[in-house]
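From first to last, the protein sequence lines are chains A and B. Numbering follows the working numbering, in which position 312 of the first sequence is assigned residue number 312; successive positions increment by one, without gaps. Numbering follows the working numbering, in which position 87 of the second sequence is assigned residue number 87; successive positions increment by one, without gaps.
Treat the hints as calculated values from the structure; they're not laboratory data. It cannot be assumed that every hint is accurate.
A few chain B residues facing chain A, derived, Cβ under 10 Å [as the list claims (entries may be wrong)]:
#, residue
1, 41
2, 48
3, 49
4, 51
5, 52
6, 96
7, 99
8, 150
9, 153
10, 178
11, 184
Ideal placement from N, C-alpha and C gives every residue a C-beta, glycine not left out.
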Amino acid sequence: MTVINVLALDDLQILLENLQEDGYALIAPQLQDGVIIYDQVEGLEALPRGVNDIQTPGGYQTHKTKEPSLFHYVVGPHSWKKFLHLPKLQLWQAKKFSDEICIASSEPASFKAAFIGVRAGEVKAIALQDKVLINSGVVDEAYKIRRDKAFILAVDCARAGGSCFCVSMQSGPSVEGNYDLALTEILTPNHIFLVRSNSEVGEKILKKTPHRPATAEEIRIGQEIVARTAANMGRAMPDTNIANLLSQNLQHPHWDAIASRCLSCANCTMVCPTCFCTTVEDVSDLKMEEFSRERRWDSCFNLDFSYLHGGAARSSVAARYRQWMTHKLSSWVDQFGSSGCVGCGRCITWCPVGIDLTQETQAIYDDQLG
Amino acid sequence: MSRASQPPRLAVWKFASCDGCQLSLLDCEDQILTLATAIEIAYFPEARRASVHGHYDISLVEGSVTTQHDAERIQEIRGRSRFLITIGACATSGGIQALRNFADVKEYAALVYAHPEYISTLDVSTPISDHVKVDFELRGCPINKGQLIDVLSALLIGRRPITPAQSVCVECKLKGNICILVSQAVPCMGPVTHAGCGALCPSYLRGCYGCFGPKETPNASALSNRLEEIGMNNEAIRRLYSTFNVNATPFREEKERHGT
């Protein structure tokens with residue numbers, strides 16, 4: 001049975017200070033140009049207060065509320081992969097001297113960070129990237145060195161966003177799995193945080209922070225908040241075996257219908273917290289003396305991604321969209337043992353033309369029934 | 001690339017253009033001296049008086065073809081160039097001056113010049129690739145100087161230049177920029193525009209103007225549908241595509257789809 005404690009608002013600030021004392025950089029939600037992003041902060045006062053978001057396919061807005069809430073918005077365009085699976089990374093560099101070339105691996109920089117306000121779906125997304133980048137045979141050292149040191153201070157979602165469907169992906173809204181501490185924010189009658197610990201490191205930090213056991217009533221209020229979020233999901237995936245549905249419909253005409261709207265701009269894959277694909281680029285200078293190999297996020301929506309001798313294997317946009325969606329929802333299961341989607345809805349909100357993968361899946365499903 | 005142990009010989013040619021792309025080369029500042037060591041700058045009237053005639057290993061061509069004289073000159077330059085690279089929107093698609101392709105040039109000339117009878121010009125502005133074989137096209141209005149140095153460095157050592165044909169959106173996302181089209185309904189051509197500028201305008205919360213021309217497999221009509229939803233009318237969308245790359249096929253077709 002999980003022990004549930006209570007932190008007052010001031011105690012949460014002390015908890016963050018304790019993390020800093022232990023050498024963690026704090027990465028937390030920030031309001032920048034009207035959008036919730038993740039960036040380094042110095043303390044609790046930097047977190048947005050009383051901010052809610054409205055998310056629609058291809059639309060995002062935040063607005064102020066009168067509540068003192070710290071976590072009532074849902075996820076924005078950034079995800080924690082920005083700090084774990086870096087957008088750009090140098091793999092090695094070389095220098096040419098008069099008669100020899102010296103090659104040096106670029107040591108992945110160590111970075112000890114505490115992620116503040118990680119949502120249930122994001123905890124699951126980090127677990128999925130762990131599976132791909134650490135636990136599937138080949139270890140991505142640059143990812144692992146950052147992941148090993150990361151402290152996850154998660155938070156249950158107290159509101160469901162318009163693009164959210166974590167309930168149908170079994171990944172939220174209550175935080176489970178690999179986290180250190182998880183909060184439930186309660187606004188009334190008092191602004192408090194229920195807190196549960198899930199690791200030794202989490203326990204250690206909590207011990208250093210003033211807290212008290214939660215009352216049965218507080219626990220009930222917390223459960224009610226999470227249950228309300230679960231009941232208000234903006235979207236849902238059709239209740240069927242989606243992996244089978246898609247793998248049995250690879251030639252469905254609906255792929256062309258999606259392609260007529262798809263920009264192949266790659267925004268969905270860039271904002272997806274589980275998409276992990278990269279490409280490498282070789283750099284050399286004019287003097288031909290200094291060289292490096294640089295890795296950066298790539299996308300299956302880019303033509304070069306499937307470039308083989310003679311051309312791109314997936315030249316049509318329909319083939320590229322199908323690749324992304326069937327990998328995420330279907331072949332990911334064969335490859336890694338679970339769906340690659342956590343239902344965060346980022347790909348829906350941040351698609352400039354608002355393509356909604358729950359609706360596209362539904363369209364193929366409805367056609368099966370019809 | 002080099003002849004024996006000689007550094008490769010470079011020429012910079014100007015056609016109908018504003019000189020901005022040539023200036024990007026001069027603007028390389030710290031690297032221009034290194035460049036002058038790695039490459040023999042044999043012909044570049046904007047930078048040096050002396051000129052070496054004959055054949056060139058690399059020709060950088062700026063500007064579009066707008067006169068009969070230029071149509072002949074590019075043939076001669078091609079014949080004297082081993083590797084011909086077009087630089088900028090004018091040379092790769094016809095430039096802003098390709099707006100004449102949709103109008104009456106004589107009427108334009110009468111409006112602008114006191115003695116239009118002195119003007120000898122073609123009815124259309126065309127990219128270099130309409131006239132001769134082009135080995136590499138560098139996009140932009142103007143080009144990105146970092147990309148220019150990279151293309152030359154790549155050519156020297158025999159590697160692939162880093163000029164991905166993906167959308168500007170990828171550059172925004174790599175930088176962590178917020179999407180202004182989604183969050184502020186700012187018209188932005190990033191989703192249909194070739195990367196290379198480092199998402200310059202969106203980084204300052206301005207919509208992309210499409211300076212680098214169409215990306216690979218652009219879907220301009222899908223973007224236009226979205227732009228209509230956020231309140232742009234036909235004329236506004238037509239104007240959006242009627243700029244530096246108006247003559248690039250996907251942009252021209254989208255412009256024409258929104259009236260004349």
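Verification of the supplied hints:
Interface hint status for residue 41 of chain B: violated, as the beta-carbon distance to the closest one in chain A is roughly 13 Å, over 10 Å. Given hint, residue 48 of chain B at the interface with chain A, is violated; its Cβ is 18 Å from that chain's nearest Cβ, farther than 10 Å. For residue 49 of chain B, the shortest C-beta to C-beta distance to chain A is roughly 24 Å, which exceeds 10 Å, and the interface hint is violated. The interface hint given for residue 51 of chain B is violated, since its Cβ lies 22 Å from the closest Cβ of chain A, which is over the 10 Å cut-off.
The restraint placing residue 52 of chain B at the interface with chain A is violated, with a minimum CB-CB distance near 20 Å, outside the 10 Å limit. Violation of the interface hint for residue 96 of chain B is found here, the shortest Cβ-Cβ separation to chain A being roughly 25 Å, above the 10 Å cut-off. Interface hint status for residue 99 of chain B: violated, as the beta-carbon distance to the closest one in chain A is roughly 26 Å, over 10 Å. Hint on residue 150 of chain B holds. Least Cβ distance to chain A is approximately 8 Å, under the 10 Å limit.
Taking 10 Å as the C-beta contact cut-off toward chain A, the hint placing residue 153 of chain B at the interface holds, the least distance being around 5 Å. The beta carbon of residue 178 of chain B is positioned within 10 Å of a beta carbon in chain A (closest approach about 4 Å), and the interface hint is therefore held. Interface hint at residue 184 of chain B: satisfied, since its Cβ lies 7 Å from the closest Cβ of chain A, which is below the 10 Å cut-off.
Checked against the numbered hints given earlier, the structure breaks hints 1, 2, 3, 4, 5, 6 and 7 and satisfies all the rest.
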